[in-house]
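We have chain V; now place chain U onto it with these hints.
From first to last, the protein sequence lines are chains V and U.
Quick note on numbering: my numbering labels position 216 of the first sequence as 216, and the sequence is numbered without any gaps.
Quick note on numbering: my numbering labels position 46 of the second sequence as 46, and the sequence is numbered without any gaps.
There may be inaccurate statements among the hints.
In silico PhoX-like cross-links for lysine-lysine, where the CA-CA straight-line distance does not exceed 20 Å [unchecked claim]:
| id | chain 1 | residue 1 | chain 2 | residue 2 |
| --- | --- | --- | --- | --- |
| 1 | V | K284 | U | K112 |
| 2 | V | K160 | V | K127 |
| 3 | V | K116 | V | K245 |
| 4 | V | K160 | V | K116 |
| 5 | V | K293 | U | K108 |
| 6 | U | K65 | U | K196 |
| 7 | V | K116 | V | K127 |
| 8 | V | K316 | U | K112 |
| 9 | V | K247 | V | K167 |
| 10 | V | K169 | V | K116 |
| 11 | V | K293 | U | K112 |
| 12 | V | K58 | V | K127 |
| 13 | U | K197 | U | K65 |
| 14 | V | K169 | V | K247 |
| 15 | U | K108 | V | K284 |
Rather than coming from a laboratory, the hints here were simulated on the basis of the structure.
What you are looking at is a predicted structure, and each value in this text was computed from that prediction instead of being measured.
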Amino acid sequence: MLIRRASDLTYADVTPKCIYLNRRKFLRGMGLAGVAAVAGKGLLDLVSPSRSVYAGTKLDTIKGPFNTDEKITPAADVTHYNNFYEFGTDKGDPARNAQNFRTSPWNVAVEGEVAKPRTFSMEEILKLAPLEERIYRHRCVEAWSIVVPWIGFSFNTLIKLVEPTPKAKYVAFESFYDLKQMPQSRGTGLDYPYIEGLRLDEAMNPLTLLCVGMYGETLPNQDGAPVRIVIPWKYGFKSIKSIVKVKFVKGEPPTTWNRMSSTEYGFYSNVNPNVDHPRWSQAKERRLGEIFKRNTLMFNGYGDQVASLYAGMNLKKDY
Amino acid sequence: MRRLLSSKWTKVVVFVICLAPLGALVDRALHGRLGANPVEFVQHATGDWTLRFLIFTLTITPLRKLLNLPDLIRFRRMLGLFTFFYVCLHFLTYIGPDQSFDLGGMWKDVEKRRFVTVGFLGFVLLIPLALTSTAGWIRRLGGKRWQTLHRAIYVTAICGVIHYYWLVKSDVRKPLFYGALVAILLLWRLGIWLRKKGQLAATSPEVRHTATQS
Chain V
1 MLIRRASDLT YADVTPKCIY LNRRKFLRGM GLAGVAAVAG KGLLDLVSPS RSVYAGTKLD
61 TIKGPFNTDE KITPAADVTH YNNFYEFGTD KGDPARNAQN FRTSPWNVAV EGEVAKPRTF
121 SMEEILKLAP LEERIYRHRC VEAWSIVVPW IGFSFNTLIK LVEPTPKAKY VAFESFYDLK
181 QMPQSRGTGL DYPYIEGLRL DEAMNPLTLL CVGMYGETLP NQDGAPVRIV IPWKYGFKSI
241 KSIVKVKFVK GEPPTTWNRM SSTEYGFYSN VNPNVDHPRW SQAKERRLGE IFKRNTLMFN
301 GYGDQVASLY AGMNLKKDY
Chain U
1 MRRLLSSKWT KVVVFVICLA PLGALVDRAL HGRLGANPVE FVQHATGDWT LRFLIFTLTI
61 TPLRKLLNLP DLIRFRRMLG LFTFFYVCLH FLTYIGPDQS FDLGGMWKDV EKRRFVTVGF
121 LGFVLLIPLA LTSTAGWIRR LGGKRWQTLH RAIYVTAICG VIHYYWLVKS DVRKPLFYGA
181 LVAILLLWRL GIWLRKKGQL AATSPEVRHT ATQS
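Same shape as in the complex, but just chain V (with noise of 0.2 Å):
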């Protein structure tokens, strides 16, 4: 497969930018059949109002390791159907909501059981390694599928950075709230900040992705900008979003929907098609852009990379 690389083509090409920028004034210049559809169209509207293209900034990446080959999900369908809860529980409302969001200046606090606790301004962050563009299958708890072109390097680059101690066992993550920039998490159900964690040794997986882009430019604001985690072998939620924090620890720590539903979703989370949430089957999925659904693979197909993490345990058990 051809690896595109963000020189000569970016990925908002997918859905040139051009029709859905001028989305709306096409429609209308069509002209619609039917009072009736009208009407709806304007309801619906409501509920999804056309898209606009997030202005991202673009980042200079070279290839990186444990590409799929699979068929990029087009980056309007990613940006505009996600779930982000500070911004609202509507699959479009993060697209809709977090416009504003700032995300400049910002800093992430590392602290806890590391001998050289510190502060990562963005631009810091930006300058510890190359940038690499990782095309990653990404599975949400809820049975869809997308495959993204995430951009970063491995978490384990600024973990080395900061010296764990041998106390260090977890690492807990916080993304940042607040209540002003994000009103639409009133009455989604969860408590804020979203916390979130790995054990060490997962952190550690060169899997594991400390990321600041996609689709050769920089995160939009409602993908979880400006840094987000992205850990491809597990469910979505697991991959917390606008990092504020991260503190190394010596128990595992707590994390946001396994607080409020410890039965449905565990502290590992891993994709496994074997062990369903409790009212749902997570045996199949739906790649977004397909009708039917097709078979969910047990790590979301990075078991080669990551089931000697999970040597010995009961995955029925540590879901």
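Using the frame of chain V, we list chain U on its own:
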């Protein structure tokens, strides 16, 4: 108002309006505006409209009595049948794209997933109601028995709300909103029923006998 309600044209207009949600979906499909996950979009839209039409149907009787507009009854069957129409579309998105038309797999899913079980039950209960919605069937069954059978829609309404409530991950506001509307509509009926029972109990056994016969 009363003249408007009894006009045959009003019925035509209401029929067309009831088709608008489907029209909007078709329009979106034709223009590629069903979003990144079109199957889910159609599934959620048809599910939502099923619940809405169920609520519209259940609102007819209270409105007739409260506003003293008996002619509203002319729209109840149509709204009920549109409920059934949208639930059929909803079911099609499930049996088709979700289950790949595999009836065995579907049955396992219905047995295993409580939110599917309760949704399926609500759907199945509507089938005899749709089939016996004609004047002929009212005659054949007799008004009293027909009415008893059609009270199954109360169960479907409760099933529909629970189905939705059990589906969502953490944001239960919309299912609770539908739940509150259904609760109001059913409690209103319960109130009427209790009052009638109280009135009957207060009258002599003889009168009660004739009253239940009428």
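Now the hints, each set against the structure:
no.	hint	verdict
1	K284(V) - K112(U)	15 Å, holds
2	K160(V) - K127(V)	15 Å, holds
3	K116(V) - K245(V)	15 Å, holds
4	K160(V) - K116(V)	10 Å, holds
5	K293(V) - K108(U)	17 Å, holds
6	K65(U) - K196(U)	15 Å, holds
7	K116(V) - K127(V)	18 Å, holds
8	K316(V) - K112(U)	17 Å, holds
9	K247(V) - K167(V)	12 Å, holds
10	K169(V) - K116(V)	16 Å, holds
11	K293(V) - K112(U)	19 Å, holds
12	K58(V) - K127(V)	15 Å, holds
13	K197(U) - K65(U)	18 Å, holds
14	K169(V) - K247(V)	11 Å, holds
15	K108(U) - K284(V)	14 Å, holds
In the structure shown, no violation is registered for any of the earlier numbered hints.
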